[in-house]
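S.K.: Now for the letters of each chain:
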Amino acid sequence: MAAPLSVEVEFGGGAELLFDGVKKHQVTLPGQEEPWDIRNLLVWIKKNLLKERPELFIQGDSVRPGILVLVNDADWELLGELDYQLQDRDSILFISTLHGG
Amino acid sequence: MPAPQCASCHAARAALRRPRSGQALCGACFCTAFEAEVLHTVLAGRLLPPGAVVAVGASGGKDSTVLAHVLRELAPRLGVSLRLVAVDEGISGYRDAALAAVRRQAARWDLPLTVVAYADLFGGWTMDAVARSTAGSGRSRACCTFCGVLRRRALEEGARLVGATHIVTGHNADDMAETVLMNFLRGDAGRLARGGGLGSRGEGGALPRCRPLQLASQKEVVLYAHFRRLDYFSEECVYAPEAFRGHARHLLKLLEAARPSAALDLVHSAERLALAPAARPPPPGACSRCGALASRALCQACALLDGLQRGRPRLAIGKGGGARDEEGPPPPPPSDPGSAPGPADGECGAACKERCE
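As given, the protein sequences belong to chains A and B, one line each in that order. Its first residue numbered 1, the first sequence is counted upward by one per residue in the working numbering. Its first residue numbered 1, the second sequence is counted upward by one per residue in the working numbering.
Simulated from the structure, these hints should not be mistaken for lab results. Heads up, a few of these hints could be off.
Restricting the straight-line Cα-Cα distance to at most 30 angstroms, the calculated cross-link-like pairs of lysine-lysine (DSBU-like) are [said to hold, decoys possible]:
#: 1; chain 1: B; residue 1: LYS253; chain 2: A; residue 2: LYS23
#: 2; chain 1: A; residue 1: LYS47; chain 2: B; residue 2: LYS253
#: 3; chain 1: A; residue 1: LYS24; chain 2: A; residue 2: LYS51
When you get a sec, could you build the whole thing from the sequences and use the hints?
M.R.: In structure tokens, the structure reads:
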């Protein structure tokens, strides 16, 4: 049984355009049976934050290739990617790399 | 699972794992390593000798922002000076915002900035005008082919204006890999032959060009910008979604999921290609109009502009398209659904900096 969690979700590199241009979101995730991990955070984001064109952010149960995920400033690769279990006050940043430079 | 310790300083928590070595580094040590690698790329390839005046192609985007920042850090060690050159293609709703980002950067870094506009250089032809002229059927955007060629010319002009001896652009490993794939997919033997190597020597009077970030993966460029808190412009060109490069990019992303080093490996392969004798391009001559390097009578830029002026914009796109003097009244606007923007020999093919062609 997971208690409600307070986390910061941030979007950058152009990804914010899918979220009304808002970069930082303070989010309270409700208490639920299973623990909160990135996998179900993405489901929550798709349902509650994503304003348009979900296929540009999510592919299958993960993020679209080309979107980097940092948890507390660390690449999610180091933390188990979708399986990383969220902690209270975590900061999750999604940076899109899909544009010209 | 907690992140491991940084393998370099052993003091901070690791922030990422480097794709090639698998080494886990903290943000600060990663940035130091990234800068050291760019320095090594430049020194080992003798790309920017001491005393060079380096024109940095600056678009406001992530790659040229990182490029300018890193070179600014390395400039004292290299003994070079930098000038920012930004190209205004005349794409409303896109380029104006990007240029604002470049202006902020020039001010913050105290670097001279010169902006060159297509409208001034190419007789009023903005990209928006080219797009309208080339609109119609076709599976991919033809205007992006124009933009790649004209941008290259514009950058050359801007570099000359500021007295540069060298030009640098921010192409990263993923860009180079996409270009390799595009050239294969379109059967462009000429570009495949010329595309490898770290830079072009500058034949036919052109300034030498190089891409110091060529061995850096796109992901690492973005992470560097993140850890250094660099401000860049991150919207897609309005024409990009329909450009051919998108297919190559998509394919590359799929490949990278299975093999993280795919981009670097593709570039590695392309650099080592030897063409069959029948495929080797003829030695280039000089454009009869402007004197630039060209495989045909007119260089690519002159041929494309010629086609636009005559109302036949697709003249110089496609393998058979070249400059041919034709008499007679200008024909009606082009409508040939069959021809995709294929390769046209001419100047050596540089990847358009935008994620579009």
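S.K.: Each of the hints needs a verdict: does it hold here or not?
M.R.: Evaluated hints:
1. Pair hint LYS253(B) plus LYS23(A) holds up; C-alpha atoms about 25 angstroms apart against a cutoff of 30 angstroms.
2. Pair hint LYS47(A) plus LYS253(B) holds up; C-alpha atoms about 26 angstroms apart against a cutoff of 30 angstroms.
3. Straight-line distance between C-alpha atoms of LYS24(A) and LYS51(A) comes to about 14 angstroms, which keeps the hinted pair within the 30 angstroms bound.
Comparing the model with each earlier hint shows no violations; every hint is respected.
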